[in-house]
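Listed in order, the protein sequences are those of chains Y and R.
Take this note's numbering: the last position of the first sequence gets the number 387, and nothing is skipped along the way.
Take this note's numbering: the last position of the second sequence gets the number 1270, and nothing is skipped along the way.
If you're looking for bench data, these hints aren't it; they were derived computationally from the structure.
Computed from a predicted model, the values in this text were never measured in an experiment.
Ideal placement from N, C-alpha and C gives every residue a C-beta, glycine not left out.
Among the hints, erroneous ones may be present.
As the list claims (entries may be wrong) - Here are a few chain Y residues that sit away from chain R, every Cβ distance over 10 angstroms (derived from the structure):
hint: 1; residue: 153
hint: 2; residue: 217
hint: 3; residue: 253
hint: 4; residue: 316
What the hints assert, rightly or not - Here's a subset of chain Y near chain R, in silico, CB distances under 7 angstroms, partners left out:
hint: 5; residue: 22
hint: 6; residue: 24
hint: 7; residue: 25
hint: 8; residue: 26
hint: 9; residue: 28
hint: 10; residue: 29
hint: 11; residue: 167
hint: 12; residue: 181
hint: 13; residue: 184
hint: 14; residue: 185
hint: 15; residue: 275
hint: 16; residue: 276
hint: 17; residue: 289
hint: 18; residue: 290
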Amino acid sequence: MTGESLMGYPTSGRFGEFGGRFVPETLVPACEDLEVAFTEAWADPSFRAELDGLLRSYAGRPSPVTECTRLSDDLGLRLLLKREDLNHTGSHKINNVLGQALLARRMGKSRLVAETGAGQHGVATATAAALFGMTCTVYMGEVDMERQALNVFRMRLLGAEVKPASSGSRTLKDAVNEAMRDWVATVEESHYCLGSAMGPHPYPWMVRELHRVIGIEAREQCAEILGGVPDVVTACVGGGSNAIGIFSGFVDTDADLVGVEPAGGAAIGRAVPGVVHGMTSYLMQDEWGQVMEAESISAGLDYPGVGPEHAHLAEIGRARYEQVTDAEVIDAFQLLSRTEGIIPALESAHALAWVSRDRAALAGKSVLLNLSGRGDKDVAQMMDILG
Amino acid sequence: MSATSANDTATTTLGPLETHLRATRDSGRKLLLPYLTAGYGEDWTRLLEGVALAGADAIEVGIPFSDPVMDGPTVQASSAASLAAGTTPASALDDIERLDMPVPLLAMTYYNIPFRMGLTRYASNLRRAGIDGAILPDLPLEESGPWTTEADAAGIETVMLAAPTGSDERLARVCERSRGFVYGVGLVGITGERTELAASATRIARRLKAITDKPVAIGVGVSTPEQAATIAEVADGVVVGSALIRQLIDHGPQAAIDFVGSLRDGLDKG
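Bound conformation, chain Y alone:
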C-alpha cells in the first residue's frame, strides 16, 4: 500500500476509490459532528473503559472460539468458530450498537433510529435504547417483518417502535432509505444507529472500529489454540460488518481473508461501482443506475450494496469474495446443527456453505469462521422450507 496503512483511518472517508459522504446537504453537518465526536470518544480512555465494561458485563464478551471436532473430521480441515452467536441479543450486532448508543448519549441525543434486515440489528438497537433510557424507532422492510415476525415482537417488547418500509423491494435497502429520511427530518435530536460498516463517512470506519474487538479477541484465541494465525479467515458479507470486524484482526498476517456473499446479493461478485446510501461502493444496479433488488433466503444479507472497505479489499486483492446459493446455505444450516449442536443464523451459514463446498481446496488447513449470529430467529422460516 502506498501512503496509507490497511484498515487505518480513511482519509476524507475514502478506502481507495470507495466510500465518501454522499448525503443530502441537511445531513452533512451531522456527519461531520459524528466524525468529530467519535474521534474524540475513541481516543478517550474513559469512553473505552465504559464500553469495554458493557461489552463484558452486559454483552458477555469475550466470545469464545469453539473448535469443531466432528465437523472438521467430516470436512477434512480444522474448523474454528468465533462464537458471536453467544453474545447478548444473539449476534455480533451488539458490539456496534453499544458503542453507538454510548456515543449518542455523549452527544446529547435522546433518540436512536435504525434500519434492520433480519431484525438482529433492530433488536440490538432496541436493547441499547432500553438500557440507556432512549426512545427508538426501527425501520424494517414489510417483507422482512413477515419472515422475521419474532424479531418484530422482540423489538416492540423492548419498547421500540417498528415502522414498515413499504416502498421498492420492501427489504433492507428500503429500510435504509426510510431510516435516512427519518434522520433528515430529526437530525437535531436523533442519532442514526447504522447497523453495518457502510453508509456515509464516518460510519464504515466507526462501525469497523466498534467490531474490531472480534478480530482482536480471535487473534489471541487462535494464537492459543493454533499457536499462530489460521490459514483462512471467513465470514458472511451483506453490508459486511461482522466480516470487517474479524478481518481487522488478521489483515496484517498471511491469512487468506474470504468474504461470502449470497448469490442473489453479490455486489462484489458483480463488481460494478455505484453511489447509494451515502457511499461509493460496489452496487447491484441496472444499465441506467437504478438499484436492483437483492434476493436472498437471509434477510440480513438481502442487500444490493456492500460496505466500501470490502470493495477496496477486493479491488487490491487483500480479500476475496465468494458466492453461495440459497440451497447450499440450507444444507450448511442443517450441517452445523447436526454435527456440532449449533444452530447458526442463516447469514452465518453462508460462510459455512462456502467452506463445505470448497473443502477439497481447503483440505488440511485451519479455517476460522465468524459465526456472526444464532439461528433461533430463522427456525420458523426453516420449518416452512424443510417441512
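Dock chain R against chain Y, hints included.
Below, chain R without anything else, positioned relative to chain Y:
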C-alpha cells in the same frame, strides 16, 4: 473552483439560467419554480408545457431514481410509477429534447444516475436536451468536484442546496459554488406537503439573502399559494414539488396546471 467571494459574480460568467432568473427577479417578479417527475402521467411533456404557460419561471424536472432518499411519499410515488412505466434517463431526456420550452429547465436526479452514465456524458446529454441546470440532492459540496468540473465545462449550471442545519460559514461556501440560483431547504426534513409553513423557511431565506446576491428560492414543504407568498416576502421565489404532484395524482393534469396558476397569482399579489 472560482476564487470569487459570495457576493461577487463579476469574474464568473453567468449562464443562461442564472441570467434569466436574475433578470426576472430584478424586474420585480417573484420566481416560481415548479417540479414535475419525468415520465409520470400520460403525455407528461404536454403537462410540462402547460405548467410553463401557467406562470413558471423555470421548471425542475425529476429523472426518476429507484432510491430517492430526499423525497417524501408523494414524489416517491410519482417516481416509482414513472419507473414502472419504463422511464429511463435516456427516454426522459429524449422527450425533453423534442420540446421547445418557453422557460429554462433543470434536471433533478440522484448522483448514481450520472455516475453510472459517466459524468461527461450526462452533462453533454443534458446540454443536447436543451436543459440548463442540474440538481443532485445527494451530492454535497465536498463530493461535488468531479461533477461540477464536467458541468461547468458543458455549460450546465449546478444548483446547490443550502440547508437550515448549515453554519453561516458553510452556507457561504454553498452559495459561492451554486449556479443558476441557490436552493434553500425550507425545513429540516424531506420533500412533502405541509399544512403550515415552517418558521425555518423564512429563517433560511433571510440567512441566504444576507450572504448572496444570487437568486434564492426556497423549496421542500412549500405547499400553498399563501405559503409561497409569505416566503417570497423574504426569498426571491419558491420551488413547489410535492403539492403539485399531489394535485396531479388526485385531480389530473388540468388541476395541476390550475394549481400552478394559483401559485403564480399568490406570488404576484404578494
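Each hint tested on the structure:
no.: 1; hint: 153; in the structure: holds, 27 angstroms
no.: 2; hint: 217; in the structure: holds, 36 angstroms
no.: 3; hint: 253; in the structure: holds, 34 angstroms
no.: 4; hint: 316; in the structure: holds, 21 angstroms
no.: 5; hint: 22; in the structure: holds, 5 angstroms
no.: 6; hint: 24; in the structure: holds, 5 angstroms
no.: 7; hint: 25; in the structure: holds, 4 angstroms
no.: 8; hint: 26; in the structure: holds, 4 angstroms
no.: 9; hint: 28; in the structure: holds, 5 angstroms
no.: 10; hint: 29; in the structure: holds, 5 angstroms
no.: 11; hint: 167; in the structure: holds, 6 angstroms
no.: 12; hint: 181; in the structure: holds, 5 angstroms
no.: 13; hint: 184; in the structure: holds, 5 angstroms
no.: 14; hint: 185; in the structure: holds, 4 angstroms
no.: 15; hint: 275; in the structure: holds, 5 angstroms
no.: 16; hint: 276; in the structure: holds, 6 angstroms
no.: 17; hint: 289; in the structure: holds, 3 angstroms
no.: 18; hint: 290; in the structure: holds, 4 angstroms
Checked against the numbered hints above, the structure violates none of them.
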